[in-house]
Structures are given as C-alpha cells and as structure tokens.
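Could you slot chain B onto chain A? The hints should help.
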Amino acid sequence: MSIDFKLNQNNLSRRKFIGIIFLAFCLLGVLGAMMGLISLLIQVILQGYEWVTPNLIFNYPSRHPEQAGLWAALIGTLYMMGLTALITVPTGVGAAIYLEEYAPKNWITSFIEINTSNLAGVPSIVYGLLGLSIFVYFLKLERSILAGSLTMSLLILPVLILASREAIKAVPRAHREAAFALGGDKWQVVKMAVLPNAFPGILTGVILALSRAIGEAAPMVAITALVYITFIPVTPMDRFTVMPIQIFNWISRPQDDFRGLAAGGIIVLLILLLSMNSVAVILRNKFQKRSEE
Amino acid sequence: MILNNEQNKSNIILRVKNLSFYYGAFQALKNISLDIEANKVTAIIGPSGCGKSTLLRCFNRMNDLFSKSKLEGQIIFDDLDIYSQSIDPVLIRSKIGMVFQKPNPFPKSIYDNVAFGLRINGFAGNYDEEIERALIQSALWDEVKDRLKDNAYSLSGGQQQRLCIARALAIRPDVILLDEPTSALDPIGTVKIEDLVNVLKNDYTIIIVTHNMQQAARVSDKTAFLLSGDDRCGILIEYDYTKNIFSNPKMKETEDYITGRFS
Numbered sequence: 004m005s006i007d008f009k010l011n012q013n014n015l016s017r018r019k020f021i022g023i024i025f026l027a028f029c030l031l032g033v034l035g036a037m038m039g040l041i042s043l044l045i046q047v048i049l050q051g052y053e054w055v056t057p058n059l060i061f062n063y064p065s066r067h068p069e070q071a072g073l074w075a076a077l078i079g080t081l082y083m084m085g086l087t088a089l090i091t092v093p094t095g096v097g098a099a100i101y102l103e104e105y106a107p108k109n110w111i112t113s114f115i116e117i118n119t120s121n122l123a124g125v126p127s128i129v130y131g132l133l134g135l136s137i138f139v140y141f142l143k144l145e146r147s148i149l150a151g152s153l154t155m156s157l158l159i160l161p162v163l164i165l166a167s168r169e170a171i172k173a174v175p176r177a178h179r180e181a182a183f184a185l186g187g188d189k190w191q192v193v194k195m196a197v198l199p200n201a202f203p204g205i206l207t208g209v210i211l212a213l214s215r216a217i218g219e220a221a222p223m224v225a226i227t228a229l230v231y232i233t234f235i236p237v238t239p240m241d242r243f244t245v246m247p248i249q250i251f252n253w254i255s256r257p258q259d260d261f262r263g264l265a266a267g268g269i270i271v272l273l274i275l276l277l278s279m280n281s282v283a284v285i286l287r288n289k290f291q292k293r294s295e296e
Numbered sequence: 004m005i006l007n008n009e010q011n012k013s014n015i016i017l018r019v020k021n022l023s024f025y026y027g028a029f030q031a032l033k034n035i036s037l038d039i040e041a042n043k044v045t046a047i048i049g050p051s052g053c054g055k056s057t058l059l060r061c062f063n064r065m066n067d068l069f070s071k072s073k074l075e076g077q078i079i080f081d082d083l084d085i086y087s088q089s090i091d092p093v094l095i096r097s098k099i100g101m102v103f104q105k106p107n108p109f110p111k112s113i114y115d116n117v118a119f120g121l122r123i124n125g126f127a128g129n130y131d132e133e134i135e136r137a138l139i140q141s142a143l144w145d146e147v148k149d150r151l152k153d154n155a156y157s158l159s160g161g162q163q164q165r166l167c168i169a170r171a172l173a174i175r176p177d178v179i180l181l182d183e184p185t186s187a188l189d190p191i192g193t194v195k196i197e198d199l200v201n202v203l204k205n206d207y208t209i210i211i212v213t214h215n216m217q218q219a220a221r222v223s224d225k226t227a228f229l230l231s232g233d234d235r236c237g238i239l240i241e242y243d244y245t246k247n248i249f250s251n252p253k254m255k256e257t258e259d260y261i262t263g264r265f266s
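In order, the protein sequences belong to chains A and B.
Each residue of the first sequence is one higher than the last, beginning at 4 in the working numbering.
Each residue of the second sequence is one higher than the last, beginning at 4 in the working numbering.
Here chain B stands alone, though its shape is the one from the complex:
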C-alpha cells in the first residue's frame, strides 16, 4: 500500500498502543492505537463527548490530576513509555506542552506569563531573549513588544490565546497539544491561530482537537476520527491523511460525520 510506504519514511514521535482510559468505573476510551508523526499537524475530530480531549490529555498526563483516572495500554514518546512507573509526569509536561480551550493567561504581565514556564523549570539563561523568541514564534511580538509589562488581561481574546501558545513555546517542548484552541475566539483570531499552526509545525509536532471540521481540513496533515457509541465510550473509527478522510473516507461513520449526516 502507498500509505504504508509513506508512513515508513516518516518520523514517528508518539505511538499510542491499545490505549483504554477510565474515569472511575466509566470507560472513556477503548483500545485506541495510532502513531503521531513528528513535524506534522494531527487533528482529532469527533462529536461532543467522544473522548477527543481525554485522548489529548493522555499525551501529557494531564488526566493524572483526576484522582480516580486509570489508563491501560501504552503511549511511547520517542523511546520512552510515558506511563511507566519511573517517569515523572512533570518532566513529560515540560516536553509536551498544552494550550487550552479558553485562553487562560495568568493574572500577571505579558512578560511574566511567558517567563512562567522558564521560572518553573529553573531556566538559567537569558530570559529576555527566550521570551522574545517565544513571542516572535507565536506571532505576537510586534503587537506586544512595547507593552511587555502590561497585564495579560489587557490583550484581546485572540492575543491572549497566542500568548498562551508563546507561554507553551518558551520552554521548548517537542510536542504541542491544542485543545480546541479557537472555540472561544472570533473569526479573525481563529485565522491567526490557524496560520500560526501552519508555521509552527516546522519546529514542533502539533496535535489539535477541534469541533470544527473545516478547521481540521485546513490545518492538519492527518486526522483521527473518534466516535462514541451508546456506552459513551470513545473508539477510533478512522485515522488517515486528512485529504483521504475528507475526500475518500473508508468508513461509513466517518463519511456520515464529515458530510453532516450525523445523528
């Protein structure tokens, strides 16, 4: 198969193997396996409650913050099983950054927001340089370079979200998880984030959860379609190159969903 050949050439950074996830007795994800390619944008789509965000949060062990969560299977990051006993989730999170649905800057200055991760991780180099780099990478520098000491809440929603991206970039992660990053933004803010994602994939691997199928089609290289049945447990229906998913889906469920014939 052509697809297999392409995959072999590419560079896999994250492998999900037979992943099942539980909140207490409730199973949220069942038997999910997929490989994430480095320096590509992978979109996770699916209807509400299908477990998209849960899957995304498995990658940086954010689900550990819920005390009753349980995970079966493996996620291999490079060569590392991130759920093995000897791995501290704190280290994983400094290599796999995350941006949330609603912009959530800290009530601090723009500068201090970007510096936050550096300070937490004990960065000893030149803060000004790193912060400038992160803000340039997140396409925010020109808008804020004269007001770095202003409070982050003085920015617009879209700017705040790019600040959150800069905050994640500052600690030089390998992977960035975006959890519906534009759902709280207006169309202009959304376009800016999407343009940014296209640029960032040169330096980072990006996994984006989105409600918006057009967005997935616009920004992603590969798309994973998740669906949950009557038991509300999410399973992976189809995972392929985005162009295939949207032009020639193999599964009937995928076709129904992307054409809006979904009940």
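Bound-form chain A, shown alone:
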C-alpha cells in the first residue's frame, strides 16, 4: 500500500516558507515597539533617577531646581483622579447599563451608540476647551479642581461606557434567563445576575479610563492655565495643578537641571500609574477567579 503525498508535498515547503516570513514580520513588529519603549524608559531613568528624592516628592515647586518638588502636583493629581472616579464610575456604568439593558433598539439608541464611539476618539484638547468654556466660565467654577475633574470625566466617559457595555454584553444569556425564570424582575436580574458577572470587565474599563486621565496634559493646560501653585488643594473649589503640567512646566525651562527634574517627575508619574494599574489588575483577577472557578 502506498499513499501518494506528491500533491501535498508540492506546496508544503512553499506554505512553510510563507509561514516563516509572516512570523518574522510579527517579531519585527514586536521588537520595533519594544525597542522604542525600552529606549524611552532607559533615557528617562538615566536622566532622572538621581532626581527622585524625598525633595522631589514632598517639596513645593521652586525656582531652584534642587529645592523644587512635585508635592502640590502629586496631591492635585490624586485629588482630581479621586473626584473624577467618583463622577465617572456611576454615570459611565449607569449609561452602559441603560444602553445595554433598557434602551429600546431604535435609531436614537444607535445614534447615541455611534456617537459614544466617536467621542472616544476626539482629541483631548477639545475637551479641555469645552471644559474651559462650560465649567470654568459658564458655570463659574473657576479654575478649580472640580472643573478639572468634570472635564476629565467628559474625556474618559466614552472610554468607560464602551468598556462597560462590552463587559455587560459578554454576560452569558443563560444567566439572565435563569434569573428571569426564578421570578426576577428586570432590575433584580441586572443587579444580581448581570452586574456581578460584568464586574471584572467594568473594573478593567475603569482602570483603562483612569490611566488615560492621569497622564493627560492637554486639557489641563486649558483648565489650570499653567499657574504656579505652592499649596495643596483642600476643597474641590481650590485651584490646583497636576503632575503632567508640572513636568511640562519643568521641561520648558532653559536650565539643564530642570530637565533632570522633569525626568524624575516622569519616573514618579510612571510609578504612580503602574501601581494604580497593578492594584486594579490584582482586584480584577481576584473577582474574575471568584466568578469563573
């Protein structure tokens, strides 16, 4: 008995060759991206590591680089992120629940859907100017931390709504049906069967959205007007600055030392961002395990 492999052999080497070329392209892409990122990181760390001192973290900004610090900006960033999360999470998740679970499937809903996706792609400076005219001037909130948080909320709401909707959509139909079949009304089904399931995904959306907000400088340029702040904000109506603005300010100074300081500031910002993300990732994994296994 003999099996004729001839036909298959003909293009086998060719197919394998194409496969290898494809793999090479993919690797090249990964390498390129990694190289860019790593060289950027190395440069920042080399330039800034000696500036990461208690002074940098606990001092107010100063004209003298060796005394200048991020304290006001660090607290401003944390304050603003907290307020932004308080505003965004309930409204964003609420909007997602409405759109996924309650909204009738008609043209108004699809119009809102399309525009939510579009809004996620609008340049952030546009949100800054919008916030400036609505919150700062029209609503007379001044250049306060509340105005900044509201502006940031507008910026990240579309991202959060999209992510939350995906998470809610991914809840198996079987769980909804089971809850309905037990005599649940709409809200009970959403509360007890849908949301617990969607929670890890929603949390991911919150992480992504807040990570975007923490590094945004452009809208804050418009809102804070780049002022020199030597106090930490106490009430939501206080003026404030944030870390990207402080870093931007230092980079634009002529002295070399300020550039080192800026690199140090970037390192602190990166550490803050990474620790925020890892806390959220740990939280999410914990909940995901609970809901899957």
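Take these hints with a grain of salt, some might be off.
Claimed, not checked - Below 20 Å or equal to it, Euclidean Cα-Cα: the simulated SDA-like pairs (lysine to any residue) are:
#1 B:K111 <-> A:W190
#2 B:K20 <-> B:L37
#3 B:K71 <-> A:S113
#4 A:K189 <-> B:L199
#5 B:K111 <-> A:H178
#6 B:K152 <-> A:Q291
#7 B:K43 <-> B:D243
#8 B:K73 <-> A:E180
#9 A:K189 <-> B:P92
Claimed, not checked - Short derived list, chain A residues pointing at chain B, Cβ under 10 Å:
#10 P107
#11 K108
#12 P175
#13 H178
#14 R179
#15 L185
#16 G186
#17 G187
#18 D188
#19 P199
I should point out that these hints are in silico values taken from the structure, not numbers from a laboratory.
All of these numbers come straight from a predicted model, not from anything done at the bench.
For every residue, glycine included, the Cβ atom is placed at its ideal position computed from N, Cα and C.
Structure of chain B alone, referenced to chain A:
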C-alpha cells in the same frame, strides 16, 4: 371513550387553547390546544425546529423576553389566563419554574445558587431549612451538604443540573418546565435526572421537552408530538398517554417519527 373518562377524573392544571405564536412575521406555532394534568409528567417531542422549546417557553412567558414575539390564544393556569393584561409575567415565573438545556448555575456558591430565587422573591423564613429541603428534593443534598460554600462550578455537569433543579424547587413552584435537561449530560447524569423526575411528579407538575424519544417513553405519563411542515410552523400532531403514543399511535406522522422512519 375510555380516554375521556380518565381525563375527567384527573386534575387539569394548565389548559392551552388555540395557541399560535409568532417571532416577528414568522409563525412558530399554529393553533395548539392541549391540557396538562397536575402531578403528571408531560413530554413534548418532535424533530428539531418544530417549536417544542417555544411552546414550553409560552408556559412561563419566557418568550416575552424577545421584544417582537406575539401570542394568540390562551393558556389558563388553574383559573388564571396567564397572558391577560393584568398578569405580571414575574409572578407567573415564580409559580412555573424552569430548568434549561445546559446547566446554568450562577458563578456563586452552591448555597447562594439555591438561595437566589428565595432572595429575589423576598422570602423571609428560614433560608437554611428551605435550601436543605430543595437540595434533598433534587437528590443533591448528600453530595453537597459538606461544601455548600463551594462554587457551583466545582460540581460535575450532572450535579450542576440537579443544582439548577434545586434552585427552581426552592421557591416552591407548582409546575416545572424542563427544556431538554439532559442533552448536555453523560448517561449517568441523565439517569439521575430521569429518576428525579419520577419522584418529583408526586409534588410538582412537570413538562419536559426532549429530543430523546426513549427518555420521553421512560419518564412521561403523557406525550405531545409536534411537527413542523415546509413553512417551519409547528403544529400538534398527536397528544395522548405515552403508552398509546409509543405502542399504538393514531397518526401516521407519529408512527413514522417514533419508529425512526422520519425524513
């Protein structure tokens, strides 16, 4: 007729009268009438796509969840027209429970799964007692009594399905709808569910949709045979005691189907 006499003595819990059902423009069921006896097992059989599950879902108004569905005719539950304007489907579903094709426990503990319906319905009594009762009734108690706090997904497929039955029993429904409850299970799990159905009919009325004719013959007292024609619209061909359906069917279509001569 002997059959009529037997029917008169028995106790009808659900009456389907001239039921037609539509998904949008597509008619899925046409002019179906049948009476379901209390404390009996009624099987609904028929080939794929004949509307068995659709008919089953009419009994607890699960089809309401599809926005474009429409129903004509009546289903009378005891004395109540369950499709009348004044009836809230939520109430119907707490009296007519359902178990689905694939085991679908919630990603919660075994205890919380059974408690789910009780919590939803605002049960104020002793949860531990009710949950124990439901798990005993579903023949799962001995296997899980020491691990009630474990996640439901740690159970085998067959155990998960009995958990889903316990979850439905916990809220003390009158009727239980089983939608192909063993199609995702292995033979051992299947036997356990079938044994359970035989016991449960003492306390509940059971309607079971099944692909498996042997299963219908084994577990049911009465059998309804549904068939859909070229328009894919399901009609009731024959409804009778299971022994008659399988030994002496009146309709040629029924005979063809149960003998496997079906094209």
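Comparing the hints with the structure gives:
| no. | hint | verdict |
| --- | --- | --- |
| 1 | B:K111 <-> A:W190 | holds, 19 Å |
| 2 | B:K20 <-> B:L37 | holds, 7 Å |
| 3 | B:K71 <-> A:S113 | holds, 18 Å |
| 4 | A:K189 <-> B:L199 | violated, 31 Å |
| 5 | B:K111 <-> A:H178 | holds, 11 Å |
| 6 | B:K152 <-> A:Q291 | holds, 17 Å |
| 7 | B:K43 <-> B:D243 | holds, 13 Å |
| 8 | B:K73 <-> A:E180 | holds, 19 Å |
| 9 | A:K189 <-> B:P92 | holds, 11 Å |
| 10 | P107 | holds, 8 Å |
| 11 | K108 | holds, 7 Å |
| 12 | P175 | holds, 7 Å |
| 13 | H178 | holds, 6 Å |
| 14 | R179 | holds, 8 Å |
| 15 | L185 | holds, 4 Å |
| 16 | G186 | holds, 3 Å |
| 17 | G187 | holds, 5 Å |
| 18 | D188 | holds, 5 Å |
| 19 | P199 | holds, 7 Å |
Violation of the numbered hints given earlier is confined to hint 4; every other hint is satisfied by the structure.
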